[in-house]
Amino acid sequence: MPERNNSFREQARGLTRAFFLYLHESCGISLDEDTQINLINTSFVHLGNHIRLHRIYQNNIDGFKVCGFLSYYTAKHIASTTTHGATQDPVKECCRSGVEFLNKLLKLQSSSRYDLNHDDKAYLTSMLYAEAVNNCEIGIGANGLASIFSFVLKVNPKTTESILSKL
Amino acid sequence: MNDKFDEIWAATLGSTLDITKEEAVTSNGLDDKTASMFEGFHNKSDKEVLAALTKD
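Chains as they are written, first to last, in my numbering: chain A, 1 to 167; chain B, 1 to 56.
What the hints contain is simulated information worked out from the structure, not anything from laboratory work. Careful: at least some of the hints might be erroneous.
[Unchecked claim] Within a straight-line C-alpha distance of at most 27 Å, the following computed DSS-like cross-link-like pairs (lysine-lysine) qualify:
(1) A:Lys107 with A:Lys154
(2) A:Lys104 with B:Lys44
(3) B:Lys47 with A:Lys121
(4) A:Lys121 with A:Lys154
(5) B:Lys55 with A:Lys121
(6) B:Lys33 with B:Lys55
(7) A:Lys107 with B:Lys44
(8) A:Lys121 with B:Lys33
(9) B:Lys47 with A:Lys104
(10) B:Lys55 with B:Lys44
(11) B:Lys21 with B:Lys33
(12) B:Lys47 with B:Lys4
(13) B:Lys44 with A:Lys154
(14) B:Lys33 with B:Lys44
(15) A:Lys104 with A:Lys154
(16) B:Lys33 with B:Lys47
(17) A:Lys107 with B:Lys55
(18) B:Lys55 with A:Lys104
(19) B:Lys4 with B:Lys44
(20) B:Lys33 with A:Lys154
(21) A:Lys104 with A:Lys121
(22) B:Lys21 with A:Lys154
(23) B:Lys47 with A:Lys107
(24) A:Lys107 with A:Lys121
(25) B:Lys33 with A:Lys104
(26) B:Lys33 with A:Lys107
[What the hints assert, rightly or not] Okay, the calculated beta carbon distance ranges per label pair:
(27) A:Ser110 with B:Gly40: 40 to 50 Å
(28) A:Arg113 with B:Ser27: 17 to 27 Å
(29) B:Lys47 with A:Leu53: 38 to 48 Å
(30) A:Pro2 with B:Ser36: 10 to 20 Å
(31) A:Leu53 with B:Lys4: 22 to 32 Å
(32) A:Asn135 with B:Asp18: 29 to 39 Å
(33) A:Thr83 with B:Thr26: 39 to 49 Å
(34) B:Thr20 with A:Asp32: 30 to 40 Å
(35) A:Lys154 with B:Thr20: 29 to 39 Å
Just so you know, even glycine gets a beta-carbon here, dropped at the ideal spot from N, CA and C.
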């Protein structure tokens, strides 16, 4: 058990570090250490509740869930601290970065067999953005976002067309 | 950062590891190869971490 705990903790540490590095790399958004820690805490509290309530056994840490929660809470944080709706909208850029990061996880876990196309990523980005700016009835939150990527990894699309349209 | 992370871990996700396969409704998680990659990031530079994400 201690070995499993240490292994999962390091996986989670690696995921969160990579997530914030990629956020900076992909759209220039740099969050200070305190903000990162607060977002990790919020994400892990909610993800922990989700795992307990739904009784999920974890083979390893769930990267889609960790980064789905981080994407959502980071976008909400950016939405609460910046002006959104402008052409260069930092909330939209943050949502795009989160979806791109999740897609990278999908590619890594499928040995590049699955790679969402531009339209699918734009659709997910748009829904995450709606949720982050409180248009919840037309948006998608952390659980939905993570589930979509998990399900895509589990299905076996026979086409290179939009994967989401086949679900 | 590392100490704070460890505290958060212990109080949140670390405490969910007592759920057993037998009582679970579903199982999930990274495949072993990808999990290993993220686990090994502790001794990698930022540049190496970003490069690992984009490798084909």
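Tested hints:
With a C-alpha separation of about 13 Å, the suggested pairing of Lys107 (chain A) with Lys154 (chain A) holds against the 27 Å cut-off. As the CA atoms of Lys104 (chain A) and Lys44 (chain B) are separated by approximately 18 Å, the hinted pair is consistent with the 27 Å bound. For the suggested pair Lys47 (chain B) and Lys121 (chain A), the alpha carbons sit about 25 Å apart, so the restraint of at most 27 Å is met. The hinted pair formed by Lys121 (chain A) and Lys154 (chain A) meets the criterion: a straight-line CA distance of about 18 Å does not exceed 27 Å.
Restraint check for Lys55 (chain B) and Lys121 (chain A): the C-alpha separation of about 19 Å stays at or below 27 Å, so the hint holds. Restraint check: the Cα-Cα separation between Lys33 (chain B) and Lys55 (chain B) comes to about 14 Å, which is no more than 27 Å; the hinted pair holds. Restraint check for Lys107 (chain A) and Lys44 (chain B): the C-alpha separation of about 21 Å stays at or below 27 Å, so the hint holds. Restraint check: the Cα-Cα separation between Lys121 (chain A) and Lys33 (chain B) comes to about 25 Å, which is no more than 27 Å; the hinted pair holds.
The suggested pairing of Lys47 (chain B) with Lys104 (chain A) holds, with an alpha-carbon distance near 16 Å, which does not exceed 27 Å. Simply put, Lys55 (chain B) and Lys44 (chain B) have alpha-carbon atoms about 15 Å apart, close enough for the 27 Å limit, and the pair holds. For a cut-off of 27 Å, the pair hint linking Lys21 (chain B) to Lys33 (chain B) stands: about 21 Å separates their Cα positions. This hinted pair checks out: Lys47 (chain B) and Lys4 (chain B) have alpha carbons roughly 24 Å apart, not beyond 27 Å.
Restraint check for Lys44 (chain B) and Lys154 (chain A): not satisfied, since their Cα atoms lie roughly 30 Å apart, outside the 27 Å limit. Under the criterion of a C-alpha separation no larger than 27 Å, the hint pairing Lys33 (chain B) with Lys44 (chain B) is consistent with the structure, at around 17 Å. At most 27 Å may separate the alpha-carbon atoms for a hinted pair to count; Lys104 (chain A) and Lys154 (chain A) meet this at roughly 16 Å. Our distance criterion of 27 Å between C-alpha atoms is met by Lys33 (chain B) and Lys47 (chain B), whose separation comes to about 20 Å.
As the CA atoms of Lys107 (chain A) and Lys55 (chain B) are separated by approximately 9 Å, the hinted pair is consistent with the 27 Å bound. Using a Cα cut-off of 27 Å, the hinted pair Lys55 (chain B) and Lys104 (chain A) holds, with the two alpha carbons roughly 9 Å apart. Using a Cα cut-off of 27 Å, the hinted pair Lys4 (chain B) and Lys44 (chain B) holds, with the two alpha carbons roughly 20 Å apart. With a CA separation close to 17 Å, the supplied pair Lys33 (chain B) and Lys154 (chain A) stays within the 27 Å bound.
The straight-line distance between the Cα atoms of Lys104 (chain A) and Lys121 (chain A) is roughly 12 Å, inside the 27 Å bound, and the hint therefore holds. Taking the CA atoms of Lys21 (chain B) and Lys154 (chain A), the gap is about 19 Å. The hint holds against a cut of 27 Å. Our distance criterion of 27 Å between C-alpha atoms is met by Lys47 (chain B) and Lys107 (chain A), whose separation comes to about 19 Å. Between the alpha carbons of Lys107 (chain A) and Lys121 (chain A) the distance comes to roughly 13 Å, so the proposed pair stays at or under 27 Å and holds.
Using a Cα cut-off of 27 Å, the hinted pair Lys33 (chain B) and Lys104 (chain A) holds, with the two alpha carbons roughly 14 Å apart. Taking the CA atoms of Lys33 (chain B) and Lys107 (chain A), the gap is near 13 Å; set against the 27 Å cutoff, the hint holds. In this structure the supplied range 40 to 50 Å is violated for Ser110 (chain A) paired with Gly40 (chain B), their Cβ-Cβ distance being about 20 Å. Separation of Arg113 (chain A) from Ser27 (chain B) is about 21 Å and conforms to the stated range, judged on CB atoms against 17 to 27 Å.
The hint said 38 to 48 Å for the Cβ distance between Lys47 (chain B) and Leu53 (chain A), and at roughly 39 Å that hint holds. Between Pro2 (chain A) and Ser36 (chain B) the beta carbon distance is about 18 Å. The supplied range of 10 to 20 Å therefore holds. The hinted range of 22 to 32 Å is satisfied by Leu53 (chain A) and Lys4 (chain B), whose Cβ atoms lie roughly 26 Å apart. Look at Asn135 (chain A) against Asp18 (chain B): about 38 Å separates their beta carbons, and that is inside 29 to 39 Å.
In this structure the hint that Thr83 (chain A) and Thr26 (chain B) lie 39 to 49 Å apart at CB holds, the actual value being about 40 Å. For Thr20 (chain B) and Asp32 (chain A), the hinted distance range of 30 to 40 Å is satisfied, since their beta carbons lie about 39 Å from each other. For Lys154 (chain A) paired with Thr20 (chain B), a C-beta distance near 22 Å fails the hint of 29 to 39 Å.
The structure fails to meet hints 13, 27 and 35 from the earlier list, while all remaining hints are met.
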